[in-house]
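Chemist: Single-letter residue listing:
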Amino acid sequence: MNPTLYLGFATLLFGIGLYGLLQRRSLVAMLISLELMLAAVSVNVVALTTLTGHDASMGQVVALILVGVAASETAIGLSLFVAIHRASHSIDVENLSELKG
Amino acid sequence: MNGPGLLTLLVLCPAVGLAAILAIPGRFPKAIKVVSALTGLATLLVTGLIYAKFDPAASGKQLLEQLPWIPAVGIEWHNGVDGISLPLLVLTSIVFFTGVLVMWELKERVKEYFAFMTLLVTGVFGVFMSLDLFFFLFFYEVAVLPMYLLIAVWGSTRKEYGAMKLTLYLLAGTALVVPAALAVYWAAGLNTFDLVRLGSVHYGHTFQVVVYPFLFVGFGILAGMWPLHTWSPVGHVAAPTAVSMLHAGVLMKLGAYGIIRVAMTVLPEGAHTWALATAILATVNIVYGAFVALSQTDLKFVIGFSSVSHMGIVLLGLSTMSQDGINGAVFQMFSHGIMTALFFAAVGFIYDRYHTRDMTRLGGLSRYVPVASAFFIVAALCGAGVPGFSSFWAELLVFLGTLKTYPVLAWIVVFALAVTMAYTMRAIVVGFFGAPHEELHHPADISLFLALPRGILVGVLLVLGFYPRLILDIIDPATRVLIGVLK
Amino acid sequence: MTGTVLAALAAQAAPFLACALVLIFLRGRPRAAAGAAIAALTVSFAATALLVWQVAVPNVACGTPPGPCVTQALWLPVQGGAGLAFGVILDPLSATMALVVAVITLAVMVYSTGYMHGDPGFGRYFGFLAFFGWAMLGLVLASNLLQLLVFWELVGLASFLLIGFWFERAAPAAAARKAFIMTRVGDVGFLLGVLLLIRALGVATIPDVIAAATGPAPAFRVPLVAFLLLMGVIGKSAQGPLFTWLPDAMEGPTPVSALLHSATMVAAGVFLVARLHGLFAAAPAVMHGLLLLALVTALASATMAMVANDIKRVLAYSSISQLSYMLMGLAAGSVAAGFFHLTTHAGFKALLFLASGIFIHHAHSNDMREIAEHEPLSQKAGVIGLVAGSLALAGVIPFAGYFSKEAVLGAMGEHVGGVVLALAYFGAGLTAYYTFRMVFLTLRGAAAQAHRRTDAPTQPGPAAHEEHFSKAAHAAMAWPVLVLAALTLVLGYLGGFFAVRLSPALPHEGPFHVGTGAVVALALVAAGIALAWYEFGRAGALRLGFAERVPVLKSFFGDNWYLDRLYNATVVRWTVALSRAAKWNDHTVLDGASDVVAQGTVWGGRILAMGQNGFVQAYVAVAISVVAALGIWLMRTGGQP
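The listed protein sequences derive, respectively, from chains A, B and C.
Going by the working numbering, the first sequence opens with residue 1, and the numbers climb by one from there.
Going by the working numbering, the second sequence opens with residue 102, and the numbers climb by one from there.
Going by the working numbering, the third sequence opens with residue 589, and the numbers climb by one from there.
FYI, nobody ran anything at the bench for these hints, they're computed from the structure.
Think of the CB as a built atom: it goes at the ideal place given N, C-alpha and C, for glycine as much as any other residue.
Some hints could be false.
[Stated by the list, open to error] Here are some of the chain C residues that sit facing chain A, going by a computed Cβ distance under 7 Å:
#: 1; residue: Gly-1202
#: 2; residue: Phe-1203
#: 3; residue: Ala-1209
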């Protein structure tokens, strides 16, 4: 089978996620976009390992690990956002630029 | 391979002193000062022992110690002395000891001050004895970096600016030296930092001509080479007394020593190619330094620019690459070191009592504090090249060497002696002669205890002024070896 | 020979030890200090007398061709040669000069116990005098030019310390500074000359240097070296362009002026020319130049002496003038004539200074007109000294100055003619004029107008201890004067002694031979004295010299021929300008450059910091783009960068 379809789908997904990461102002929306990018990566890994004759189980394990990583990252990120909201009453990323040079 | 001996002991003395000072709580300043003085005495003793064991007639480095340190890259704990480094070790211990005594009245942050001072001196000793390029540069940095804090915290006029400028300039010098040193290391292909072995390699002519300026200029910055000398007077003025003594008396010699030990020994062809250029720069040092000194009103600035001028004599002697020139240069390194230490010690006392160094506001000091003034006058006369003091012989040898190699420069430099006398006379007559200003008070003259370190320095200048063979018999054989390398 | 070498060393060692002893331990003990110094100089006197007896009188010589005896020992290693050496040179010239130095120094020291009595710096004074004695004797007895140079500089240092002895006053401090700087300008040339000689000849004794210069193919350029050495002479002996420090040096105590600035230190330049006469003779053009320069100096300083009212300044200008005569004699080829005049001059000029010191002390002023109002004739020793010295200086037979000046003029007559010679004789007449102007102004007192002007500085002298000034102090000042006065009657007969030993090749007649030159000179001297008597000496005289009556001349002669003004407007101004320019360069150009670098670094940092705008999304965008670009590039190059 041709992995191209899956790679293309993953690229599309990655592109949508990247666009959302760079374009959205809300921190939560950025997080959602980030999840999309991670999902795209998972699709890529599974597709490549399954459809090109390599060990399929490795790819699926990676995908599962990624799910775990995404989950913990989401948890931490959301708690940080709650703290930020408490401190500055906004989760608009345009307002969070104090670490500038 | 010989194990650690007297030289390692010498570098350990201030290191142990440092540890002791750090161990004493800060609320016992007297104890800290006593420990520092004892450390100074210890270094004097050890250098005395080294001097006694040194055989001037034997060529090559003596009291060798060689231990592997990081064999994978060829770094060794490798020390030795020859006729050029021995006087400098003696100079350092003398200036260190007298410097400690001169700062006896220090009140603020005594512990930190003496800790940094001993750290600095450790670095200096390490440089002068090291025959391994890595440790040479390592100790070089150890000697330079504490200067920043010593000046910025305990200094006076524009101390933050002075400290910053000094450190940045000196680090710029290091930034030139380190790549060049590494280039040498790689070009030699011997996987060793041993200066002796690096010196025996024949590097390509183009390589030498390109790399030598980096080494010369990089070390030359510390030696006060024109036009990169402006850190020196500002730094001198800003620094507290003993730090000025160490800085002008010893640290600037590190630069010249680096030129001898690293630049000239390892890249002799480069040295020859650039000799005329460096001689001209050195001549500018001498003349320019003298002229600028003539316009200064702050006594310490006069001394600072006079140091620039006198280091020019050292650099000129080295540039002639002749027996007399190099003998004179090394002698001048020692003599000027003692003389300028005396200068700063003398001015330091005056500043402590009068809180000004402006000679137009001082005036007539010889009446109120005759002995303290006499110390300054003696140093000034030594700097002007009056016979009876060691500088006369050192300068004579350099002039002789220059006359044989670069006659035109010799004429210029000898005529510059008149300008030197002019600024010397101005400092003495305006600052110390004449009637005292009304607003000057009449403190007690310098005490015997404080006069002791200054008196020691005067004594050294006189002894060598009357019998220069004492030091020249040591320097001469080493210079002969160096000339052989330079051929 | 070793006995005489030991004597020479002892003559130097004694004052050195005294100097060290006094300056370190005895500064607060005036009597002990004076005692140590005088004892040391007595030893030097005895030693140098021995030298004269053993070396000068029997006219001892060493080596072939016969020359001075030199003993040297190595001191300093120098490349390519045996090194630099210290030693002793013994011949009639050095022995006699050493004796002169010792005698005058001793006399001045004895005199100073009176003159400087009560001065708070008494101990320091005697320490410095002993230091000078050591340095001057070292200079005279030095066996090679480097050693001579060392002592030459030390003598200059002694001069600085002694001129500026009363350093709390601005005038002596400034005078000391001027002296040291001016002589250093000359000494720079001297140093170069010596360096050239060392480069060519290595360690060479003075006879070797002369032999090399007069030999067939000298290893160095003789005229150049001669000229450079002469620069030192011009500075030290206050000739030509470098003379103006000497009149100012009169700010020092009068005994110092007597010792250093008339008899010995300034004569060191003359001594050097005599010592190296063979070398200078091998550069005749340079010698001729020296002669002309000395002539101009002689006449110029005589004119300055004619209008000065400060008795010490008159004597200072007179010293310059007489030094010129010595140099003219040497330049004319006669070591004997030049050195003879040096010896007699040392005697009578020291006498004149010490005598004037008695008057200055008595009247508390240097101004001759004020001295005249304080019963000068009551100071008997002073009067005797002043008159005897003046007769010698003016060149009246049978006083010493007559014989030595005759020798000089006679030597010149053999060598030059015409205008130059005539001017030299004219100078002798001027000498007599200003000398007796001084005598009459000082001694012919209360007559006519009381000139209250004080354009001469008041010598502070010791504190006003007039009433407590003991008999002993008076005697200490009187006896040296009387002894020196007696000497001026005797010294004149040494002409033959010197002629035989120093210039054996030149013809000489006995002292009682009075040729045409002598007659002319005596006539001019008589005319000068007569004019002085007419203008100053006789009752009802105007007491105003012919030169002083012309304002232009008075200000020109009275202000060092405007030479100081010229120097201030040129050399000093240019040096200060150069100095300021260098300082400006340091502050503005060099520091400016490093400041620009520093600022540039800071701005560079600020520019780069603009990229850190704090927006996460921008950062992510940049990171992604870079990684993407990297990835594409890697893919293009097949994974091998």
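Chemist: Give a verdict on every hint.
Modeler: Hint check:
1. For Gly-1202/C, the interface hint holds, the least distance from its beta-carbon to any beta-carbon of chain A being 3 Å, beneath 7 Å.
2. Residue-level restraint check for Phe-1203/C holds (minimum Cβ-Cβ distance to chain A is 5 Å; threshold 7 Å).
3. For Ala-1209/C, the interface hint holds, the least distance from its beta-carbon to any beta-carbon of chain A being 6 Å, beneath 7 Å.
Violated hints are absent here; each numbered hint is respected by the structure.
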